[in-house]
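Taking the hints into account, I'd like the entire structure generated from these sequences.
2 protein chains.
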Amino acid sequence: MPYLNKTAPTPEPVDCRILTAALDLFVNHGFHNVSVHDVQKQANVSIGSIYNHFGGKEGIARALYKHLLKEFEEMIEAIIAENPSSRECCNRIIAKLFEYTETRANIIAYMLHAKHREFLPDEPPLCSSTPFTAMRNVVQKGIDRGEIRQGDPWIMTASIFGGAIRMIHLRLDGIIDTPLPEYHEDLIEGIWHGMESG
Amino acid sequence: MPYLNKTAPTPEPVDCRILTAALDLFVNHGFHNVSVHDVQKQANVSIGSIYNHFGGKEGIARALYKHLLKEFEEMIEAIIAENPSSRECCNRIIAKLFEYTETRANIIAYMLHAKHREFLPDEPPLCSSTPFTAMRNVVQKGIDRGEIRQGDPWIMTASIFGGAIRMIHLRLDGIIDTPLPEYHEDLIEGIWHGMESG
DNA sequence: GTCTATACGCTGATAGAC
DNA sequence: GTCTATCAGCGTATAGAC
Numbered sequence: 001m002p003y004l005n006k007t008a009p010t011p012e013p014v015d016c017r018i019l020t021a022a023l024d025l026f027v028n029h030g031f032h033n034v035s036v037h038d039v040q041k042q043a044n045v046s047i048g049s050i051y052n053h054f055g056g057k058e059g060i061a062r063a064l065y066k067h068l069l070k071e072f073e074e075m076i077e078a079i080i081a082e083n084p085s086s087r088e089c090c091n092r093i094i095a096k097l098f099e100y101t102e103t104r105a106n107i108i109a110y111m112l113h114a115k116h117r118e119f120l121p122d123e124p125p126l127c128s129s130t131p132f133t134a135m136r137n138v139v140q141k142g143i144d145r146g147e148i149r150q151g152d153p154w155i156m157t158a159s160i161f162g163g164a165i166r167m168i169h170l171r172l173d174g175i176i177d178t179p180l181p182e183y184h185e186d187l188i189e190g191i192w193h194g195m196e197s198g
Numbered sequence: 001m002p003y004l005n006k007t008a009p010t011p012e013p014v015d016c017r018i019l020t021a022a023l024d025l026f027v028n029h030g031f032h033n034v035s036v037h038d039v040q041k042q043a044n045v046s047i048g049s050i051y052n053h054f055g056g057k058e059g060i061a062r063a064l065y066k067h068l069l070k071e072f073e074e075m076i077e078a079i080i081a082e083n084p085s086s087r088e089c090c091n092r093i094i095a096k097l098f099e100y101t102e103t104r105a106n107i108i109a110y111m112l113h114a115k116h117r118e119f120l121p122d123e124p125p126l127c128s129s130t131p132f133t134a135m136r137n138v139v140q141k142g143i144d145r146g147e148i149r150q151g152d153p154w155i156m157t158a159s160i161f162g163g164a165i166r167m168i169h170l171r172l173d174g175i176i177d178t179p180l181p182e183y184h185e186d187l188i189e190g191i192w193h194g195m196e197s198g
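Protein chains in written order, with this note's numbering: chain A, 1 to 198; chain B, 1 to 198.
A couple of the hints might just be wrong.
With a Cα cut of at most 27 Å, we get these calculated DSSO-like pairs of lysine-lysine [said to hold, decoys possible]:
#	chain 1	residue 1	chain 2	residue 2
1	B	Lys115	A	Lys66
2	B	Lys115	B	Lys66
3	A	Lys115	B	Lys57
4	B	Lys70	A	Lys115
5	A	Lys70	B	Lys115
6	B	Lys96	A	Lys115
7	A	Lys57	B	Lys115
8	A	Lys41	A	Lys57
9	B	Lys66	B	Lys41
Partial pick of chain B residues on the chain A-facing surface, computed with a CB cut under 8 Å [stated by the list, open to error]:
#	residue
10	Lys115
11	Trp154
12	Tyr183
One-sided excerpt, in silico: chain A residues whose CB lies under 7 Å from chain B [stated by the list, open to error]:
#	residue
13	Cys127
14	Ser128
15	Arg149
16	Ile155
17	Ser159
18	Gly163
19	Leu170
20	Ile175
21	Tyr183
22	Asp186
23	Leu187
24	Gly190
25	Trp192
26	His193
27	Gly194
28	Ser197
It should be emphasised that the hints constitute simulated quantities derived from the structure, not laboratory data.
From a predicted model like this one, the values you see are computed outputs, not experimental measurements.
Note that CB positions come from ideal geometry on N, CA and C, so glycine has one too.
Okay, here's the thing in structure tokens:
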């Protein structure tokens, strides 16, 4: 979804204008604080078009969610396809997430911050979606290969990616001022070799 | 806030009934999907009472937030007051969070899951609130003492607590079936000694 | 497919009796 | 302080012309 980054509202197809506007508004004001009229206004479309294309506000949110989920999935699949070690695979996923946080903050914010269960009750929770399952599988394979400590795969996955996800939240909330990629090396070091000094 | 745990609606003071009902509804349906009438009904109070006590729905959310924040803060201060090493302090904080997740899930869910900025725009984000600052200070002291690796305190704090927070999310979302305290020991081990095998 | 105008339900909030 | 009844506004969704 390359077009979702651009802000120019006029020349692009209607669907994209709607999705772009909605993503921006949802992230900045929250799903429930945005009305269909807001989206309509910012996208320079009529309400009728919105209902024709997506069937309503929830339809927009769902389309957005599925689209971004797929993009996420492809990103992770691409990394796996390069066939690095499991550890390197985790490192690269974190690097990509950090990169996206800087360049495509809205996308990350929508996927990570939003409580989709609140307005998309039928969707499974993000953590049980394909990208997250893929991450868990990477870790599982690392355990099987002996690259990663033995233990419950949930703990391992949470331990490996938890710090990175936490930093993304902090960055999106404006607590951290430094671009995340600058922290990548130190973070990785801590994940694999522990936080104990010496 | 011990009374916030009990579910018996009748004999307790009005404020508590309102707060208890609101917490339950907010966590299970989301702030924006709950109307004042819903709270009124579940708390067995009239709408007038709600407006008298809290001035509206947002007032309830704010009271809830401040109350639980204070409780959090006291929990962490109590641990610090026991004067353990910085590492042990972190371990105990995680243990307490895990324990709360099992016994007082609503409280944890409200503090962690909810996007308070969406309906409490004047409140600072959770991560810059006193309890989280306290956690960061614990880590900072650990770095100064040489118990924790040198490095940016934000990375260190995120690395130490990120995995635990991630697991709490997974548990609250129903992805993890096992009570979190059972994972505590393994998680701690991984934090300090790294995820690398051997 | 796109638009405008309109309907209708719900929600937050108030007024005023008790 | 507590309650009931009521209001005004917003936000979703539809109807129907173009």
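Hints, verified against the model:
1. Lys115/B with Lys66/A: holds, 22 Å
2. Lys115/B with Lys66/B: Given that 27 Å is the threshold and the Cα spacing comes to 15 Å, the pair holds.
3. Lys115/A with Lys57/B: Between Lys115/A and Lys57/B the Cα gap is close to 20 Å, so the pair holds against 27 Å.
4. Lys70/B with Lys115/A: holds, 24 Å
5. Lys70/A with Lys115/B: Roughly 25 Å separates the two Cα atoms, so the pair holds.
6. Lys96/B with Lys115/A: Measuring from Cα to Cα gives roughly 25 Å; hence the hint holds.
7. Lys57/A with Lys115/B: Status holds; Cα separation ~20 Å.
8. Lys41/A with Lys57/A: holds, 14 Å
9. Lys66/B with Lys41/B: Holds: Lys66/B and Lys41/B sit about 24 Å apart, inside 27 Å.
10. Lys115: holds, 6 Å
11. Trp154: holds, 6 Å
12. Tyr183: Hint holds; Tyr183/B Cβ to chain A Cβ min 5 Å, cut 8 Å.
13. Cys127: holds, 5 Å
14. Ser128: Where the cut-off is 7 Å and the nearest Cβ of chain B is about 6 Å from Ser128/A, the hint holds.
15. Arg149: With Cβ-Cβ at 5 Å, under 7 Å, it holds.
16. Ile155: Since the shortest Cβ distance to chain B is 5 Å, the answer is holds.
17. Ser159: It holds, given that the least Cβ distance between Ser159/A and chain B is near 4 Å, below 7 Å.
18. Gly163: With Cβ-Cβ at 4 Å, under 7 Å, it holds.
19. Leu170: For Leu170/A, the interface hint holds, since the closest Cβ of chain B sits about 6 Å away, which is under 7 Å.
20. Ile175: Holds - the Cβ of Ile175/A comes within 7 Å of chain B, reaching about 5 Å at its closest.
21. Tyr183: holds, 5 Å
22. Asp186: holds, 5 Å
23. Leu187: holds, 5 Å
24. Gly190: Since the shortest Cβ distance to chain B is 5 Å, the answer is holds.
25. Trp192: holds, 4 Å
26. His193: holds, 4 Å
27. Gly194: Cβ of Gly194/A sits 4 Å from chain B, so the hint holds.
28. Ser197: Status holds, d = 5 Å.
This entry satisfies every hint, going by the numbered hints stated previously.
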